[in-house]
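*Asks:* Residue-level listing of the chains:
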Amino acid sequence: MSTVRVKLDVARERLDHTRAAFSRDWLTYSMLAPVLLIMGVLVWGSLLDGIWMSFHSFDFLGRREWVGLENYQYIVGWDTFWTSVRATIIFGLVTFSQLAIALVAAVAVKHARFRDYISALFVIPYTIPGLVSGTLWVFILHPDLGPILPLLVDIGLLEQTIYWGTQGDTAMAVIMFAATWAYWPLVFIILTASLDGIPEEQYETARVYGASKVQAFFHITLPQLKGAILVAVSLRTIYNLTKVSQPLQITGGGPGFDTSVLGILVYRFTEGSQRFGLAMSVGVILVLLTMLFVVPYIRSFERNADTGGMT
Amino acid sequence: MRLSIDTIGGSRSGLQLEDVVFKAAVYGVILALVLLIVIPLLVVVSVAFTPTSELFSNPSAWFPQNPTLQWWSVGFAELQEGLLHSLVISVGTALIALVITIPGAYVFGRKEFVGKQFVFYAIILSLLFPSIVLVVPITARWLQWGLYDSYIGLWIAFQIFITPFAIWILRDYFSKLPENLEEAAQVYGCTEFGAFVRVILPIAKPALIAVGFLAFLNGWNEFLFANLLTTSSGVQPAIVQLYATLHSGQGESIPWSMLMAQALIIGTPPAILYFVAQKGLRGAFGP
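Chains as they are written, first to last, in the numbering used here: chain A, 641 to 951; chain B, 33 to 319.
Derived pair list, reagent style BS3-like, types lysine-lysine, alpha-carbon separation capped at 25 Å:
| hint | chain 1 | residue 1 | chain 2 | residue 2 |
| --- | --- | --- | --- | --- |
| 1 | B | Lys-208 | B | Lys-237 |
| 2 | A | Lys-853 | A | Lys-866 |
| 3 | B | Lys-55 | A | Lys-750 |
| 4 | A | Lys-750 | A | Lys-853 |
| 5 | A | Lys-853 | B | Lys-55 |
| 6 | B | Lys-208 | B | Lys-148 |
I should point out that these hints are in silico values taken from the structure, not numbers from a laboratory.
Kindly generate the complete structure, drawing on both the sequences and the hints.
*Replies:* Printed below as a string of structure tokens:
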């Protein structure tokens, strides 16, 4: 029975090895423990718990009852859910207006004087809490009391003021505008960091060969920004698909459910009514939706792993 | 060779024209964006000083005729309790974040251990979760564990946002420090842990302060968790009050001037803190 003996020896050796590694690294592991606890229990534990919750219904005392796929069946057959999915995808398109502004701004700032001050100014909207910037825009774009729409009527650009809160498409336009205003700086930060990494010699070489600024942009700047743009777009798309506080403050999800992005739907189910099971089944679908954009992000992260950093 | 230099010389005037157009475009874009940022903020500042009668009589006036400080004092008085909650929540969040993430980030930056890469990715990947999804199970748990509507509940919950960022930023900072710092300290009689506390931590101070600020900012700005995990009779932070005020009325019944003053009171500290912290975050975030 020497094979058993050999196996035992191997096992013992492995155990000793692990024990040695642990006694050598106990400090390492104990310093790591709090982080692992937070991430393991709060983040990953909550996510698994949440997925589990989506298969239950909850009574007023918070007791769970297994209902299988009933929550999912309910939301899939519910028109409002699909209105919400549509709103989420449309709202997610603000990524592109954020990218467009950030790209133009990053290139302009690179060639301007006082770059640091201008960049700092550009980042201001991003530092304001989303709920606060939402509050600001509700007033500024107020159809009767705000300064802009009545002014446009006064100078004859508009025939009458726009009650944007009462129509799905104008309400959507307003929350998309506010989101563009508030969050383009994050894309700007990522692109600026990447622009700074392009060697100046390449532009000098291009100039010597007679390339115009426009040609230099398309042949040097844009190709080298590709990685950063991919990162920014996937990161921003994930965040835009899951935005809650700013659109919630501006439209409350209305009119009807026209601007109820999925995040707001989850919020509505959680708040007050505490229909946790339904909330989580919507949440799980939201996670699946965002996962589509995580893959390109992780890929480019892997590619840039050596340089260490998100850009 | 001579020929090519001549060609460049010949096209110089053309290049100059292009340069002028380009410069004009650059500063045109910058001016447009500066206005897009500054004008709304100026409007809001102006409204916060406008008496109600003026606000409703002439909506498209840009500046108040008789500016008043009334809204700032009324708005501040109303927010006072909420601001205090916000402060306690943010400071506690920041301190706990530092205690938890500094040792962890140090280990990621300077030690080797089994499963390092996997654990690091598990942490970073969590940045990409929609946090709204985590708020549901956490609300349910907090109700169960008695953490609902308490400072401790928010302090712990907010770690979700900060831990991954802090680990990322601090890890990069720690890993860039010279390689043999700890060994040198140990030669002079420090223990392994002593070297970390007495040598590494003081050097890393700027990064630690920056991460502390970032955590504070998060605790101050976060609305969703703060709203779902607190009640108005409990530890509700100031930002939630903005939401409640706006959605409690319609049109002229909303005290707009006060609301704008309150928005500025809540929005200014994070903006200032961001600029203070920005230098320390330069390496991690950019400009």
